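Engineer: So you can see what is in the structure, the chains are spelled out below.
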Amino acid sequence: MRVVFLDSSKVEHLRNAINNDAEFKLAARYMSEDILLEVNDSRCIVKVRDSVVTEIKLDPPSEDHWSFSIKATADSWDKLLQSSPPPFYTGLNAGMIRGNLQIIGNMEVAFAYLWAMNRMLDIMKQLQNK
Amino acid sequence: MKLETITGKYGNITVHGVEYRIYFEENGKGIPLLCQHTAGGDGRQWRHLMNDEEVTSKYRVIAVDLPYHGKSLPPESVEWWKEEYKLTKRFFIDFLVEFSHTLGLDRPVFIGCSMGGHMALDLALECPDEFRAVIGLESAEFTPGLDIIWFNHPRISGEFRFANLFESTAPSSPEKYRREVGWVYSQSAPPVFRGDLHYYSVEHNLTGQLERIDTSRIAVYLLCGEYDFASTPEMCRQAASKIKGAKYTEMKGLGHFPVVENYRLCKTYLMPILEEITKIH
Chain B
19 MRVVFLDSSK VEHLRNAINN DAEFKLAARY MSEDILLEVN DSRCIVKVRD SVVTEIKLDP
79 PSEDHWSFSI KATADSWDKL LQSSPPPFYT GLNAGMIRGN LQIIGNMEVA FAYLWAMNRM
139 LDIMKQLQNK
Chain R
47 MKLETITGKY GNITVHGVEY RIYFEENGKG IPLLCQHTAG GDGRQWRHLM NDEEVTSKYR
107 VIAVDLPYHG KSLPPESVEW WKEEYKLTKR FFIDFLVEFS HTLGLDRPVF IGCSMGGHMA
167 LDLALECPDE FRAVIGLESA EFTPGLDIIW FNHPRISGEF RFANLFESTA PSSPEKYRRE
227 VGWVYSQSAP PVFRGDLHYY SVEHNLTGQL ERIDTSRIAV YLLCGEYDFA STPEMCRQAA
287 SKIKGAKYTE MKGLGHFPVV ENYRLCKTYL MPILEEITKI H
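From first to last, the protein sequence lines stand for chains B and R.
Residues in the first sequence are numbered from 19 upward in steps of one, following our numbering.
Residues in the second sequence are numbered from 47 upward in steps of one, following our numbering.
Please note: incorrect hints may appear among the correct ones.
Ranges of calculated distance between the beta carbons of each label pair, as one might list FRET restraints [what the hints assert, rightly or not]: (1) B:Asn-37 with R:Thr-253: 46 to 52 Å; (2) B:Lys-75 with R:Asn-251: 33 to 39 Å; (3) B:Arg-116 with R:Pro-220: 38 to 44 Å; (4) B:Ser-60 with R:Glu-50: 22 to 28 Å; (5) R:Lys-288 with B:Pro-104: 50 to 56 Å; (6) B:Ser-60 with R:Pro-236: 37 to 43 Å; (7) R:Ser-123 with B:Glu-73: 52 to 58 Å; (8) R:Val-64 with B:His-31: 54 to 60 Å; (9) R:Leu-192 with B:Glu-81: 34 to 40 Å; (10) R:Gly-254 with B:Ser-60: 42 to 48 Å; (11) B:Ser-60 with R:Trp-127: 47 to 53 Å; (12) B:Asp-77 with R:Asp-140: 35 to 41 Å; (13) R:Pro-236 with B:His-31: 51 to 57 Å.
Bear in mind the hints are in silico, worked out from the structure with no lab data behind them.
The structure presented is a predicted model; accordingly, all values stated were derived computationally and were not measured.
Ideal placement from N, C-alpha and C gives every residue a C-beta, glycine not left out.
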């Protein structure tokens, strides 16, 4: 099954769900960043401006800039997006420490917004498993 | 108001020539059970255990906030703002032994989680006559690589700890308690969590030493949550396998904070051990 953030028929729904989430609004306060999400060779960029996801850009050109990327195999994303994920896939840091995903780029920004990113992951899970 | 039977006290204790004003809570009567909080945490993590009458009817449960943690302030005689906070193994051991002596405890049972779980092994190795048993939750022989700069960085707030430690719980644990784990973590002073990780991830290294623990002098019980990604069940099981006579249990459906995130489930693993200790020690 295609991950929700790479599915052109679902990304707008995902964007709205994130923007309507009370916890994400809190966790992403003052956030204006571009985040690259990678599944094997497929990619998208989640653009956040002033705590609002303004665009989920599929297949962005390689010259597009981003603050940090979250990269994992399709198998790892599948586990991360399960409604009740298995051990070592309970969040981005868990996955990173156990080598199941990589966070690359500006780590200061990535960790400052770990709460927001994990909340975004939770919302993705909800839509992925609907 | 519905009062709990837990009582809190302040005391002054001298360790390595420095006096510390410390806070501790206790409840119950019986065998002393000394509870050690996690890195960057405090004694509130033991509130469910301390309020459990099945435990407090047999045990005098005591949870202390280490200096710099919870309600235990930094010492008045040290210019702590001029030096980086780091918890050392020597201080940690000596503090706990001195605390036990100060209260006049008779060979208490020690239970600790995370860095407290690591300390269970250090105590078993170094002071087997001070304690009758140790119960290590999320223990391991060595957990290198987790003393990372982002846990004490001027540009990263306590929200990082809040999110990070929430992830360390099992997804099936009640959300209100998973959030409580994060809440307590977000409250410690900025340098404390990373300073504690100096012990957890650097100084606690029992490689090649676990075999020397003598369980005829001190009983050793190790337990690890299925979802613990810091000290994994496999790491804990391996540690136990190197200690002749140690008992290991994997706790299904629990993470790195079993007594906080889902005490009801944790109790099903813990109670048989507490019952066993009352019978054989």
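Engineer: All the hints need checking, so say for each whether the structure fits it.
Structural biologist: Tested hints:
no.: 1; hint: B:Asn-37 with R:Thr-253: 46 to 52 Å; result: holds, 50 Å
no.: 2; hint: B:Lys-75 with R:Asn-251: 33 to 39 Å; result: violated, 46 Å
no.: 3; hint: B:Arg-116 with R:Pro-220: 38 to 44 Å; result: violated, 24 Å
no.: 4; hint: B:Ser-60 with R:Glu-50: 22 to 28 Å; result: violated, 53 Å
no.: 5; hint: R:Lys-288 with B:Pro-104: 50 to 56 Å; result: violated, 27 Å
no.: 6; hint: B:Ser-60 with R:Pro-236: 37 to 43 Å; result: holds, 39 Å
no.: 7; hint: R:Ser-123 with B:Glu-73: 52 to 58 Å; result: holds, 57 Å
no.: 8; hint: R:Val-64 with B:His-31: 54 to 60 Å; result: holds, 59 Å
no.: 9; hint: R:Leu-192 with B:Glu-81: 34 to 40 Å; result: holds, 36 Å
no.: 10; hint: R:Gly-254 with B:Ser-60: 42 to 48 Å; result: holds, 46 Å
no.: 11; hint: B:Ser-60 with R:Trp-127: 47 to 53 Å; result: holds, 50 Å
no.: 12; hint: B:Asp-77 with R:Asp-140: 35 to 41 Å; result: violated, 60 Å
no.: 13; hint: R:Pro-236 with B:His-31: 51 to 57 Å; result: violated, 39 Å
When the structure is compared with the earlier hints, violations turn up for hints 2, 3, 4, 5, 12, 13 and for no others.
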